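J.: Protein chains in written order, with this note's numbering: chain A, 1 to 142; chain B, 1 to 125; chain C, 1 to 494.
Keep in mind the hints are simulated off the structure, nothing from the lab.
Values in this document were obtained by computation on a predicted structure and should not be read as measured data.
Keep in mind that the hints are not guaranteed to be accurate.
[Stated by the list, open to error] Straight-line Cα separation of at most 27 angstroms, DSS-like style, residue types lysine-lysine; simulated pairs:
#: 1; chain 1: A; residue 1: Lys96; chain 2: A; residue 2: Lys61
#: 2; chain 1: A; residue 1: Lys61; chain 2: C; residue 2: Lys159
#: 3; chain 1: C; residue 1: Lys365; chain 2: C; residue 2: Lys157
#: 4; chain 1: B; residue 1: Lys114; chain 2: C; residue 2: Lys158
#: 5; chain 1: C; residue 1: Lys455; chain 2: C; residue 2: Lys365
#: 6; chain 1: B; residue 1: Lys114; chain 2: B; residue 2: Lys35
#: 7; chain 1: C; residue 1: Lys157; chain 2: B; residue 2: Lys114
#: 8; chain 1: C; residue 1: Lys24; chain 2: A; residue 2: Lys61
#: 9; chain 1: C; residue 1: Lys365; chain 2: C; residue 2: Lys158
#: 10; chain 1: C; residue 1: Lys157; chain 2: B; residue 2: Lys35
#: 11; chain 1: B; residue 1: Lys114; chain 2: C; residue 2: Lys159
#: 12; chain 1: C; residue 1: Lys455; chain 2: A; residue 2: Lys60
#: 13; chain 1: B; residue 1: Lys35; chain 2: C; residue 2: Lys158
#: 14; chain 1: C; residue 1: Lys365; chain 2: C; residue 2: Lys159
#: 15; chain 1: C; residue 1: Lys24; chain 2: A; residue 2: Lys60
#: 16; chain 1: C; residue 1: Lys157; chain 2: C; residue 2: Lys24
#: 17; chain 1: C; residue 1: Lys159; chain 2: B; residue 2: Lys35
#: 18; chain 1: A; residue 1: Lys7; chain 2: A; residue 2: Lys61
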Amino acid sequence: MNDIIVKSITRLVIPFLQLYGIYIILHGHISPGGGFSGGALIGSSLILYTLVFGVDRAQKKFSHRVSEIAESGGILLYLFVGALGIALTGNFLSNKAAGFPLGELGSLLSGGIIPVLMIGIGIKVASTMITLFHVLIQEESQ
Amino acid sequence: MNLVNDILAHVNFIGAMALFVIGLYMVVTHSNLIKRIMGINIMGTAIFYFFIAVGNVEDGAPPLLDPDGNALTFINPLPSVLILTGIVVVVSITVYSLSLVVRIYETYGTIDQKEMAQIEAEDDD
Amino acid sequence: MIEQLPIINLILLLTTALVIPLFKKQRFMVTLILSFVVLFIVWLSALYLLYHVNTTGAFYYRFGGYSPTIGLELLINPFSALFTFFVITLLMIIFIYSTADASDGIHEREYGRYYILMFILLFAMFGIIYTNDLFNTYVFMEILSITTCAIISIKRKKKNYAAAFRYVMLNEMGSLSYLFGVALLYMVTGYTNIELVFQGVQDVWVIYPTNIIIAAIFMIVGLGLKAAIFPLHIWLPDAHSAAPSSSSAILSAIVVKVYLIILVKVLFSVFGITIIEALHIPSLLMVIGAVGIVMGSFFAIAQHDIKRMLGYSSVAQIGYIVLGIGLASSLGLRIAFYHVFSHGIMKSVLFLSVGAVIYQRNLRKVTAYNGIGYMMPLSIGMFTLAALGMIGIPLTSGFISKFNLGIAALDGGQGIYIIILVVSGILNAIYYLPIIIAAFLRENPENQIYVSKDKVPLLMIMPILILGAFIVIIGVYPAIIFDLVDSAVSTFSF
Numbered sequence: 001m002n003d004i005i006v007k008s009i010t011r012l013v014i015p016f017l018q019l020y021g022i023y024i025i026l027h028g029h030i031s032p033g034g035g036f037s038g039g040a041l042i043g044s045s046l047i048l049y050t051l052v053f054g055v056d057r058a059q060k061k062f063s064h065r066v067s068e069i070a071e072s073g074g075i076l077l078y079l080f081v082g083a084l085g086i087a088l089t090g091n092f093l094s095n096k097a098a099g100f101p102l103g104e105l106g107s108l109l110s111g112g113i114i115p116v117l118m119i120g121i122g123i124k125v126a127s128t129m130i131t132l133f134h135v136l137i138q139e140e141s142q
Numbered sequence: 001m002n003l004v005n006d007i008l009a010h011v012n013f014i015g016a017m018a019l020f021v022i023g024l025y026m027v028v029t030h031s032n033l034i035k036r037i038m039g040i041n042i043m044g045t046a047i048f049y050f051f052i053a054v055g056n057v058e059d060g061a062p063p064l065l066d067p068d069g070n071a072l073t074f075i076n077p078l079p080s081v082l083i084l085t086g087i088v089v090v091v092s093i094t095v096y097s098l099s100l101v102v103r104i105y106e107t108y109g110t111i112d113q114k115e116m117a118q119i120e121a122e123d124d125d
Numbered sequence: 001m002i003e004q005l006p007i008i009n010l011i012l013l014l015t016t017a018l019v020i021p022l023f024k025k026q027r028f029m030v031t032l033i034l035s036f037v038v039l040f041i042v043w044l045s046a047l048y049l050l051y052h053v054n055t056t057g058a059f060y061y062r063f064g065g066y067s068p069t070i071g072l073e074l075l076i077n078p079f080s081a082l083f084t085f086f087v088i089t090l091l092m093i094i095f096i097y098s099t100a101d102a103s104d105g106i107h108e109r110e111y112g113r114y115y116i117l118m119f120i121l122l123f124a125m126f127g128i129i130y131t132n133d134l135f136n137t138y139v140f141m142e143i144l145s146i147t148t149c150a151i152i153s154i155k156r157k158k159k160n161y162a163a164a165f166r167y168v169m170l171n172e173m174g175s176l177s178y179l180f181g182v183a184l185l186y187m188v189t190g191y192t193n194i195e196l197v198f199q200g201v202q203d204v205w206v207i208y209p210t211n212i213i214i215a216a217i218f219m220i221v222g223l224g225l226k227a228a229i230f231p232l233h234i235w236l237p238d239a240h241s242a243a244p245s246s247s248s249a250i251l252s253a254i255v256v257k258v259y260l261i262i263l264v265k266v267l268f269s270v271f272g273i274t275i276i277e278a279l280h281i282p283s284l285l286m287v288i289g290a291v292g293i294v295m296g297s298f299f300a301i302a303q304h305d306i307k308r309m310l311g312y313s314s315v316a317q318i319g320y321i322v323l324g325i326g327l328a329s330s331l332g333l334r335i336a337f338y339h340v341f342s343h344g345i346m347k348s349v350l351f352l353s354v355g356a357v358i359y360q361r362n363l364r365k366v367t368a369y370n371g372i373g374y375m376m377p378l379s380i381g382m383f384t385l386a387a388l389g390m391i392g393i394p395l396t397s398g399f400i401s402k403f404n405l406g407i408a409a410l411d412g413g414q415g416i417y418i419i420i421l422v423v424s425g426i427l428n429a430i431y432y433l434p435i436i437i438a439a440f441l442r443e444n445p446e447n448q449i450y451v452s453k454d455k456v457p458l459l460m461i462m463p464i465l466i467l468g469a470f471i472v473i474i475g476v477y478p479a480i481i482f483d484l485v486d487s488a489v490s491t492f493s494f
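So here's chain A without its partners, still in its complex pose (with noise of 0.2 angstroms):
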């Protein structure tokens, strides 16, 4: 696409786009949203680079190598948080019981590992979109 009007929108657009998937992700624990629901937002700005400025550029930006890593790690922090969980007596995923600080009701750092577990769900789900949708978008132009 090489239109200007759509080519500067998008630049506007897509820091904000992204800063505001990061505050739903942040702000999983204490308002609606979480860690779904902000991956994907960050996921659909990248779709939207993808779209404007095509998948090479956008391949620079966001490389099969950081996807894969960032899937990858995605999971592992969550099945790492859950396992402290084993670890810290207690079962797969507890967190109150295994001593988590549940911190105080509404303010950014409560909840014990809720926060931490939606960030590791972000990352898996932005990243997965992209690349989704970066592996269509290819097989189609082979």
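Please arrange chains B and C on chain A, whose structure you already have, making use of the hints.
T.: Relative to the frame of chain A, chains B and C by itself:
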């Protein structure tokens, strides 16, 4: 009048059932592969709609603890959480089947089920 | 620590799937050794769990320690421990075979990915069997169906894409129907935990029978689609014959059985015997099973491609299991479970030995097997053994299944199904015996020309021999399996 009231009271469930049947009809009857994938998506949406309708509470608040300690009537959060998972699943199924359609188009040169069957029959001869 | 074993199994399988891509640069051997070590550890822990639940009793595993009303729960009882052990044992043996025969149509770059898929497949099956939650079952079921489709389409051939597409569409219809059933049950009971749903369903059965009837229909039809119960089987022969040989064995012997296991759970743990008897589901299932046995065999006779023939034979064998479930007695369920084992082993042997023939000579036509028995005595010998088991010759596990199924049918006052069993034995003989006779008694020197590889590797022959030995062992000493199966059946109340 009674019947109308009954329908109005259960409009969510009737709507979900109608969507489900429409989706099923699309999957079964259409020979265009993309339309069949759309049918699957409609079926999925129908069930999500149904689940959310089950969990809804009249005048309910979002299920977040109020910092001021007011007791609120919450909507049931569990169906929403289940549906979030369901959406992820349907998205991945959609992407997978779309990528299969791309491959099918490359190898068969068509995305129509009937033409595919014809090509397969010619290959067998 | 024992309580943590199930979750450790799940985590181990999932992390292995995630870790395999990291070894892309290393030699392929590293992946194989790592995979085998993980499989072996999981096998040991599954074995220990089987021993543990049979001596000290069942236990629950609750995620995060939440109560089952809001949290997820795994249930490890003799039933789930037995079937996870079955899945991992069979898969480990097939894994050994696949290390030598991964070349069956898979691109070299894709070898690593094949094992990633295999581990996710195993993860999903373990999850399905362990979990005590209806919605969680749905999620694992979807993971299982996506991975299965990916395994079918991993061979880059025309037919595979078409078969995988048909599979994904029908499976998705099946899972969404199942999910609708879960939604309807959630609507009247307010839970997704199987035990709580069971309680709720018994209570509200009088008030909201419509909901429960519709839920039962949706769930049974959905699972029937996924388990290829007779009129809903159309995807199975295409999908199973298109997949690589080792995964045909996995799909036919294990994956389909997992859906039947969910069906058993849904029928007897969620709805309970009183409700399904009131809805006449068991007698319906028996008729469907019987029709499936006969029609599946008829279709199999008409096939020219040997892998398609085996696929239709699976449809017929699923009919036996459905018939056993439909008897709705502990005797019937016991024999259904036994046949899950017996068919799993026999069908793996059939697919793997055919895979060995395809590997060495690239023969897929039924008519091309003339005289091949002398060139590949071990593979075809084991093929013969498993085929005799399918027909139901004494000393094989197939005989025990049929004999006991007949007794169970008589015990339930359904003697007419014995005729079906006899007819199906004859039909099985009609399509298996000509292959065996042609392989050993007909001459066909032309086959020499087709040899593409000199020798079948030992790693491919060994698993076939081991599984072949199992057919005879559990055919002569069925008590080994029956002891375990009986304690699994006792977890359901009749």
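J.: Any hints this thing doesn't respect? Which numbers, in order?
T.: Structure breaks hints 1, 2, 12.
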